[in-house]
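*Asks:* Go ahead and model the full structure; you've got the sequences and the hints to work with.
Chains as they are written, first to last, in the working numbering: chain A, 955 to 1281; chain B, 314 to 1224.
Calculated from the structure, these hints are not laboratory results. Since the structure is predicted, the reported quantities are computational estimates derived from the model, not experimental observations. From the three backbone atoms N, C-alpha and C, an ideal C-beta is built for every residue, glycine too. Treat the hints with care, since some could be wrong.
Only pairs whose alpha carbons sit at most 30 Å apart, straight line, appear in this in silico DSSO-like list of lysine-lysine [to be verified]:
1) LYS670(B) with LYS1243(A)
2) LYS1144(A) with LYS571(B)
3) LYS480(B) with LYS964(A)
4) LYS685(B) with LYS402(B)
Now the in silico label distances, taken between C-beta atoms and shown as ranges [to be verified]:
5) GLU1133(A) with GLY771(B): 51 to 59 Å
6) MET544(B) with LYS1030(A): 34 to 42 Å
7) GLU1046(A) with VAL488(B): 27 to 35 Å
8) ASN597(B) with MET1116(A): 49 to 57 Å
Covered stretches of chain B (in silico footprint by chain A; criterion: 3 or more residues with CB under 8 Å from a CB of chain A, positions within the stretch not fixed) [claimed, not checked]:
9) 321-333
10) 600-611
11) 639-651
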Amino acid sequence: MTTTTTVTVKLSRSNRIYRSSEPVEGKIVIKSPSSISHQAIRLSVNGSVNLQVRGGSAGVIESFYGVIKPIQIVKKTIQVRSSGRIPPGTTEIPFSVNLREPGESIAEKFYETFHGTNINIQYLLTADIPRGYLHKPLSATMEFIIESGRVDLPERPLPPEMVVFYITQDTQRHPLLPEIKTGGFRVTGKLATQCSLQDPLGGELTVEASSVPITSIDIHLLRVESIIVGERIVTETSLIQSTQIADGDVCRKMTLPIYVLLPRLLMCPSIFAGPFSVEFKVCITISFKSKLAKAQPKSDPTAPRLWMALERLPLELVRTKRDQFSC
Amino acid sequence: MEFEFRRRDYGADHESHLLPRSRTQKHPLSSPIASRQHQMKTVRDNDPPDFFDPLRGLDVNASAEDKVEEEEEADTSLSTEAVTQELTKEWKSLKRILIQRFPVSKVISFSPISNVITKGFKVDTPSAQSHLEETGSEKTSLEETAKVIDQQEYLAKVRELIDGITKAWEAEDRVTSLKLSIKVTKLLMDTTVLQFYPTVFVVVTDMLDMVGDMVWERIKEKAEHDVDGTMICTLPNDFQASDICLEARETCYNWFCKVGSVRELLPRIYLELAILPCWRFLINQPREVLDRLVMMVRGLADPLASLYCRLYMVHRMRKLGFCRSGYLIKCVKDIEDVLAPILVGKDGCSCITDDKKLLFNLMEPAIEYIMKCLLLTGRQENNVLGILEELGFGRNKSQPSDNSSHVSILLHHLLKALPSEIVSSQAMEILHMIKCSNDCSFSQVLNYRLLGNRLCEGRSQEGFLSSLVNEIMQAASQYQTLYDYLRIMDAYVDLLLQNKMENHLDALLDALLDDIVTLARDKFLSEEEQASLQSIILKLLSHFEDLQKVLSLNHFIEILDLMSGTSKKSVNMHLLSMGTRNGCICDSTTVQLLFEVSQGLYDATDFVNIKDDDNRQTSHLISRFVEMVDYGAERERQLLFLAECRGAFSGIHELKETLVRSSNTLAVKAGKKHINFVKSCLAFSEVTIPSVTVPTKQINLYLETAEVALLGGLISHTDGLVMSAVECLEDVAPTDGLKSIDADSMASVVCNLCSLLVMVPGNPEKGVLEILKSIFSATCSSSWAMSRLKVKILCAIISLLSTLAQDNLPYRSANPEIIGNDLLFFGDSSYKNELVSWSQLVVGELVDAIEQESSQTARGNIALEACNCISSALVMNEKVSQLCSRLLETAKGCLGATDRYLEATKQSLHL
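*Replies:* As structure tokens, this is what we get:
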């Protein structure tokens, strides 16, 4: 038997996903070797947008300031038990917290949970058990995930909004190796630019011609986080995930599928709020065979290089009604 | 008191001892016609599981017949279970082939992609890694140099990693388990290991199958139990996605997300394939998933990697239970697209390099499995023709200019897997395909050949056959090399012969042989060519009943002369057995040919030093040939032929017997009218017999020849031959160390001699019983004759003496000119006295011999035998009955008083 007292917050759903319209339910589990006395046990909900500026297009001064004041989404505390004693052993104290005040109907401000580089949208549940001045207070924190609870969410599947793209030596705005430039290449395809978070990003791609052998074709998911700092907008684009769809010099005129499952928490519906915005992009990169590529250490796979062709496409992510394997 | 011979009436004795006989209505082995037909049908339709006893044809009841019919019906479309079973078996054998077929040098060099092997498998704590690192986007090292490792070491490392996967899984650390799986799967990205790739594939896919099963079990567990572990439900085998609780589906989807976040294409596909069956927890119709996966594999540009990936995909689709021919067709088409550029090569020529050869070798098992799977699925769906159409068959009918070329290796395995009835119905179409497809991935010659072999399996329509064969011959002769021509045509000879195309057959065969002669002109045939030619000729030989017909084929002899060595020998054996199959060989050209054939065989075989089955067969065939030759009335010539054979095949012992018998037969046939010819025959035999090495055979031949001489009335010859036999008997050297069986047969040879002596008139000049005496002394002094055999021979001598003492001999020579001893010595008392005195001598020896027998039972039995012989030969006077009593006492002492033989003997003696 453990000698220390532990407190954990257990949520009713194992995936910890709730909508803003739903009460967050669960229990506080206290395991104690001996009976302990306590003051009123409180549970607080804290939802906030944490903004941070570092690197990116932020200047030296902005980055010096670092953290910008977070934007509060929700902050409330409820008492789940008045002061008393907890018997030795395991004690479970159930709770249920409404995130919205009755009558409050602005669901928009409950942004979905998102963990980015500069922007973090996070919802936390904290249980506090104060035990007077003589004893250290006990506490436990648990993150829960908010998904949009709007009633007017679109049904799946979304109407396909496909963008047709062509990538050739002439669409590139950065310099290419002369053999690629003169030999030429043509890659075409289509990609969904509006996509439900529950669905994979879909599309297809065909290498129609390329004189220089291809080594790889990759689909990169990028997030674009913008924050208004003073009078400037600081924007940072960072890589979320890369997915290779062609390995080597693939057959010409053969359609390859684009299929990328969107990672949870790292992506959310595109947000355009006043002080900040979260957007997403897809970057298609085609790497050609070149000695230079091998010599260059891989840092940012989406940076323009002499041996690479790029195509960036905007990606609008939306939340749709929960489907059969909602997660 | 003297012995006195009993008077015998042999005719009456014979009558009284005959068993009652009656005629039978039917042959005991024949069975009603109906059951025989049935039997044949059973044998043809499905191979009987165990030996079908032909004597028990009547026992088969009607139910078995019904079963056979049912099976026939079921065969047209396959059940899912049957296909699954078959493919599971195939997969197992495929794995074995992949590991065993490709010889791997001990040391493997691999590219830096497989660096997990050298780096080991330390997994960093998950929290320390960013999402990107977690998804496997490791920074590949800059080192370009290939690393080298011992094969065993490589496999040991992989096994270690796989152990790590199971251990992590058991410790509920599924993230680590998955990460290790990804690392191991990445090994398949490295195709530079070449011959080792199939082995890596087997090891890695076994691991993936295992991981797939573990994930499946985990999700099933979640679907059947709630969080606390209590059972919610038991999933039926054919559950629907809607039967699965949210929790389980979420876990399942999570797995697909995790796998989907792997950056590299190849491990991502393999891992999704590993957990492919889990889609059943999420959706009922995984059509889109499979469509996507089939397309995703296209992203793998390496031909070897992509092919093996498709192989695994096919395997996993089966596991999912949603393997439709549509996906497989897409796969096959994609494979074709991948292979096409390899075949052409960079400079546009389609020459084959060693690299390519190796590549196609490595690909072959995978292609074979995929094709098998495709065709089995097609049969299960009853849509084989549809598949063919999809693959481009019959396309060129509408567009004659269309280039319907296929990759040969694919075509080969497609043809191999097609059901035979389709091969038959689509033969022309397939032929056209093969004609159009000539690339370095597979030999076109072998494809032509395969078509022929496959056509032989089915029942072909005769309509197009001759035009088909004509086209094949044209195509085959375009190769301009004999070997290719022979290899192709070898497969079609069966087809020609099977289908009895009476009108065309002769013309086609003539054309075929013409071609062979043209191609083989002035050339020494290589071993492979010999083998192919041999195969064709043997097929022709076994087809034709009559050797004449084969020999009348154009150039046949010429082609025979092309051959040498073992092929020649084999063909010669067949020719010989064929020639001797249908009775006498009268035609002199055939005789001449077969003689040459025999000579060829004889020269190619070492009869003196090697004694094996093969030699035995050869000598048997040659002997049989000599036996079957019949010149009819031209006796002299036949005897000459025999002499020729004796000279030509002097090493074959078996033949000498045949020669003697043949010459004896000739003599008998010639009869008394040609007494000089008979003499020549006898002389031939007499000269030949001494070279027979086995004494019993030699003596027997002497006796036979003596009989023939007797028949011809040549008494002096007979005497001479019999004496030779006796000399031979005397000469049986004690050092020969005869085995008991030889001693037995020797005893019966001596009995035989005694029987012959009944007919041979005694020679008064030399002494009537001269020969008998010699036999007697030879027997008594012989080292080979044990007491038992001695008794047997002495009894025979007593019987002979008794017979010679009769007034009427039981049998005489068929030649009426030969006067038997009964007439020759009629009323001659000195003759009779001599017989009696000899019989006393023999009886004395007989009694001694019995005493010498060491075995009790044997002694008792021979005593009774002797007693019976004596009592039937001699009149039962006091001396004889004393003698018999003594013998009976001996028998009683040895066998006991209650022995049945003893009792029967006593009864017959009226004692």
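*Asks:* Kindly indicate which numbered hints from before are broken by the structure, ordering the numbers from low to high.
*Replies:* 8 and 9
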